[in-house]
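Peer 1: What follows is the residue order along each chain.
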Amino acid sequence: QQQVKQSPQSLIVQKGGISIINCAYENTAFDYFPWYQQFPGKGPALLIAIRPDVSEKKEGRFTISFNKSAKQFSLHIMDSQPGDSATYFCAASMRKGAQKLVFGQGTRLTINP
Amino acid sequence: GAVVSQHPSWVICKSGTSVKIECRSLDFQATTMFWYRQFPKQSLMLMATSNEGSKATYEQGVEKDKFLINHASLTLSTLTVTSAHPEDSSFYICSARRSGALATEAFFGQGTRLTVV
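Protein chains in written order, with our numbering: chain W, 5 to 117; chain L, 158 to 274.
Where hints are given, some of them may not hold.
[What the hints assert, rightly or not] Which chain L residues face chain W? A few, computed with CB under 7 Å, are given here:
hint, residue
1, 200
2, 201
3, 250
4, 265
5, 268
By construction, these hints were calculated from the structure, which means they are not laboratory data. In this text the structure is predicted, and so the values were computed from the model without any measurement. Virtual Cβ for every residue (Gly too), placed ideally from N, Cα, C.
With the hints as extra help, turn the sequences into a complete structure.
Peer 2: Here's what the structure looks like:
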């Protein structure tokens, strides 16, 4: 019940295209859903996060779509650029208590020029 | 955003020795810090939750006597890998949350690449 399932495992998108990564969770107590970007040899960096009281959040080229009833959320990267090539992790946690993040398996995104 | 600094960025040690990794929150206080381990091409695996002034909480399957965690101040947590062996070689990452109710964003350090030879 603590799992967060992420797909696809890898994704190749042409420059300028839309990259879409999906995540699903089971624990309905989760109420914070961040996305992280990680480059090789570096720690993860927060991209964007959403709380379940909204269905969509947009920051620049990055958008999170959230479907509470389906227990799914996704990251959309518009106008994908080669510099976006990285590994992306979705995560979930509860804002109260230990606030431990549960990570998805990761998606290796490659943007072809 | 807030900065979490990890030191060292990489370390090579001989089998049987101990290695200490530091995690500092540079511009905020962190009551809670988290230590993760990441194998190549895999996700982050939470090892333990480090609480300032109290004992760390370890995840199931993580040996607390092998991975010693100390959180002596609101800005510093340390992870010591004791009697390291080649199978302990991995990428270790810490994260910290700001102190305060319902603080949610976790800031990550840059990671430490440990190689045990």
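Peer 1: Now tell me if each hint is right for this structure.
Peer 2: Against the structure, the hints:
1. 200: holds, 5 Å
2. 201: holds, 5 Å
3. 250: Result: holds, 5 Å to nearest chain W Cβ.
4. 265: Given a least distance of 4 Å, the restraint on residue 265 of chain L holds.
5. 268: holds, 5 Å
Of the numbered hints listed earlier, not one is contradicted by the structure.
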